[in-house]
Amino acid sequence: MTTVQLPSDALDASQSASRIEAADSPLRQSIQRFFRNRLAAIGLVFVVAITGGGLLAPVLATTSYDYAILKDALKFPPCADPKSSLAFPDCMFAKYPLGTDAIGRDFWSRLIYGARTSMIVGFSVPLITLAIGLPLGAAAGWFGGRVDATVLRLVEFMTAVPSILLALFLLTLFGHDLQNVIMFQGITGWVGVCRLGRAQFMTLRERDFVTAARALGMSEWSIMIRHVMVNAAGPIIVMFTLGIPGAIFGEAGLSFLGLGVNDPIPSWGKMVAESSRFAAVYWYLAMIPTGCIAVTMLAFSFLGDGLRDALDPQGQR
Amino acid sequence: MAMRDSRFDRRQAIRGLAAGAAGLAGLSGGRAFASSRFQVGSDAAPADQQVMITSWDGEGLKGECMDLYEGVYNRAGLSDLFSEPLTRMTKDFGVIPGTALGWDCSADGKVWTFHIDPNLKWNDGTAVTAADYVETFRYSADPKHAWDFTWYWNGIIKNYTEATKGTVTLDQVGVRVGSVPTDFEVETVDPVPYLPAMMLYSWPLNKVALNKYGSGKYNINVSTSVTSGPYYLAEWQPDRRFVVKANPKYTGALKPNITTQISNVVRGGSNFLRYQANEVDSTEVTSPAEIALVNADPELSRQFATNPQDFRTYYMFFDINTKPWDNLKLRQALAKAVDREGIIDAVLRPLAIPAYSWLAPGFPDANQEALKPIQAFDPAGAKRLLAEAGYPDGRGFPKTTLYIRGSAQVDKDVCQALTAGFKQVLNIDLTLENLDQPSFMAKLNAKPTQIAVGWLSYGMDYFDATNMLGVWLSGGRHSWKNDEFDRLVKQGGVMTTEPAKRSEMMMQAEKILVEDCVGIFVYHKLAGFLYKPYLKGEILTPNSFGYTGLQWPGFGTATLAIPQLYISNDVSKFR
Amino acid sequence: MSGAFTRYLAGRVFGLLMVILALSAVVFFLMHQVPGGPFTFEKQPLPPEQMANINRKYGLDQPVYVQYFKWLWAILHFDFGIPFQSPSETVVSLVQRAWPVTIIVGVITITISYTLGILFGITAAVWQNSWIDRVVTFVATLGLTLPSFIIGFLLVYFLSVKLRWLPTGGWGKPQQLIMPVIAYGLGPMAIVARYTRASMLEVLRSEYVRLARARGLPWHRVMFRYTLRNALVPLITVLGPSIPDVLTGSIFIEGMFSIPGLGRFFTSSAQFRDYPMIMAMMLLVALLWGATYIISDVLYGLADPRMRVGGEVR
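Protein chains in written order, with the numbering used here: chain A, 7 to 323; chain Z, 158 to 732; chain W, 74 to 387.
For the record, the hints were derived by calculation from the structure and aren't laboratory data.
Idealized CB from N, CA, C, for every residue including glycine.
Do not take every clue at face value.
Unchecked claim - Calculated cross-link-like contacts (lysine-lysine; reagent style DSS-like; alpha-carbon spacing at most 27 Å):
(1) Z:Lys647 / W:Lys235
(2) W:Lys235 / Z:Lys730
(3) Z:Lys369 / W:Lys246
(4) Z:Lys374 / W:Lys116
(5) W:Lys116 / Z:Lys604
(6) Z:Lys604 / W:Lys246
(7) W:Lys246 / Z:Lys402
(8) Z:Lys374 / W:Lys235
(9) Z:Lys529 / Z:Lys374
(10) Z:Lys658 / Z:Lys647
(11) W:Lys130 / Z:Lys301
(12) Z:Lys322 / W:Lys130
(13) Z:Lys529 / A:Lys77
Unchecked claim - Here chain A is said to cover these stretches of chain W; the calculated rule only asks that three of the stretch's residues, wherever they fall, bring their Cβ under 8 Å from a Cβ of chain A:
(14) 118 to 127
(15) 238 to 252
(16) 284 to 293
(17) 348 to 358
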């Protein structure tokens, strides 16, 4: 499974960057730069909306995600159903605004709870990759030598494992609980963060302000935490942001292989994977979650690009 | 679901089934059977267009051989066409002569003689004789061969089990050539009245080739393959396709109309889409999505046929040695909380019949009407039973996982409907967990079993109640142990003289099983097949139970499909 | 080549072999830890003696560590065993026939998608904010936001079922390649296009390109001599690592279009406990990645004089 990492380009950072007043603090400059970028701001709005929707799932959903009325299976969304008697605004407030799935569960509720699962996966996986990859990468980059060599071997080891094989083994051994699906993706996904962290720390180690701090007698640890971390944060935050849609996609892929989160818990990835075969007639089952994933993917990539340009001091050149 | 078109009146069909299907396997079978002639319609396409194309899912440990006695689970597409079994099955599930023109049984019911058609020839010119069958059966018991289906003959054929353990030599297995070279004698451990039905699985290998090459794999090589069946091997490419063609030297009863069969090997993808794109002539419809699409499309609905195939029953089971499942009231509560009709209407219609017992309607000694009330849907009763079991309104019900074998969407959907029903009726939560087949079966077969609650299915291999009921014998698939059940099935199984009493015993045994609620029987599967309109023949029309399409065991030498099925002129509109 | 370089290379190769050795042990023991074996059948459990017959036939009756050392010994003699999933051939012959298929699909996909991606990216950058730019952005977004199995399904449904233009899948005819390449290539194309556009914009704004234009150099010269070259070099670092991925095939694409390649075996080998094949796939991927790392590091070293000496090459 390849997780997709987005490059930066959606916006043009240097243009906006040049307009920034020199008097402001770096943080305020960054925030201003970020909000001057329309796409990034829109991305942020969507991210907040989707995450909020997921958090508020029990409030927004009309039923529980596993509540099924068997005789109502496969009902079209009233707004898209030519046979429906309801006209436009009314059909949105029908019993099943987005129709029902194969066993008669309200699709809207499934979608909202699916957002929650997907967001949990989306945020947890990059967090785990950070928790594993960053300390390793930082240590490798900062200390070099033997530490670096050991970490590099570990990285080689991890990249050399066919991750799909590992997924099958681990998920078969330990079960497909949500936390296992998250753990698995985290365990196999930290290599990228590790390499980024290593590169960052290796470059920063040689920078003047570090030498200066050392000359002032600061301890290695406080240099690392107080100076280097702050400077390395930008790219790492960006990587984190972009890792979120990657994890959501990864979960979709696992679901397609029958390795997704256990039923009846919905996730967008699983909904897409399971319903693609319905698409010829019951298109809404496939297309609505696909659309949701697509929008999420875009929102996060715009947000990530925006953050990258806003936090990248070199963008000010 | 949109369509409520019942292709056949189910109630009527079930009545018919209960009436028929009795006395399938007589002790001596019809010598009178003449090699029948079948009429092919005047609309048949020319010979060069009599090509049938199917696809074969190559995923898994498959594609090693072409013969059942070489390997059951690892056969390739178009297998078992290079010889014929002793008996065959009509589309009404009657056992009729195959290569055996008739058979007799000794007075004690333990020695059977099958009289093989003396006209049968291998395509190298030699005769098909009992020696081929003897050699094949011995080979199957060889511990070095390690055949994967030995359980089928274990405890049936004399010394078979011992031979597989290596405690007796292969020539002591109870199969031998009779007084003439075409008489095949089988000696059984106990009387086995259903032996002719079991002999549907008796495709012989060629003795000479088997001895020469040391295994049945001579049949996967075009240059070494030998056939006495209606087809010969023309191409064997396990990564691309298999091709067989009509055997010009064939002397048997199944003269084929379809001159070429092509089976394309696929791994993944959707056969349903291949069918819709006119790339295959027939496909099985399995996933709920596909069922829904067929139901929503009048054209596809017309091409749809349904029948029970191996009379598979889907059921949820409990390990009664694990708490709290030792509690009968709890098991009963769950059994009565299942809205089978509702689940089938939503997910499976028309590919299922609600199951309230183990044996599917139409199967020998099935007794579904009488057993139905025991596990019938009764929400109020279920609630009461749950309270009596100690979990009023679901309070205190322990965390439970329902394990599912594999991750087929149909199983996932049915189990989600089941658990949704348990939640609504009983207010209890069961979580679902899919295990792949090896993990599931390993955990299930472990002693003690590691699966307390699971979802499974079982399909028959021969037409006798002992086959299906045997699953529940102690030491079988499940941990359930009931001495009375064991006694009834074992004693009844060997009864030859009083068929009515035997049936009675089988029905009693099944009643014990259903009443103990060790399994919640949810549905009997009907297989759904799409056939292109140009596939024609008497064999596809409804059988006496109202089931359509090719009945079990399908388009092969164990049925009469080969001489009946043909491709009509309409094929030119599709290819 | 200097002695230092040879030493460095030998060290790297040795390191890689050690990693693979460790990995093989981990994978071997892990796969035997997963419950169920290749011959756990769906019907009733076989009597233990008969299960033992089968296990003996396939050498599965011995302790796992014995099996591991036997496997290791056989590997050293280039004997990779017989795949349970296709027992009429050896693992080597299976890989020999399946891998080229995967490589052909992969190479065609890479060539087309990367070429188009680069072209689109350049076009979008040069005519920044024009309609071309927007179309490219739109297509790239589509490629990034739709899972390949959805793209695949839509292609098959419309092009094969509805329009009957193309076969649903299979192998051997050129037209059978069209849909897999589209479904497989859309994502990488999108990534390449976005990278190229970003990289181009950066270079176009750089001082030396501005200087070159200010000096009145002709447009095409500025473009090819200064811009393209500098813009595309960083791409190599992005694209290089994706090559082993492509060369080992996509489970989704090969499954959906029934391409007889190697990709499907990653999942099926684990699902069906095809031990010899699992180990072979593991070795293949490990060697491919290892080789990619070493080669890319060496190329980096050659390109960047600061890193040329042995020791610590990044």
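>> Of all the hints numbered above, which does this structure not satisfy? Sort the numbers upward.
In response: Hints 1, 3, 6, 8, 9, 14, 15 and 16 not satisfied by this model.
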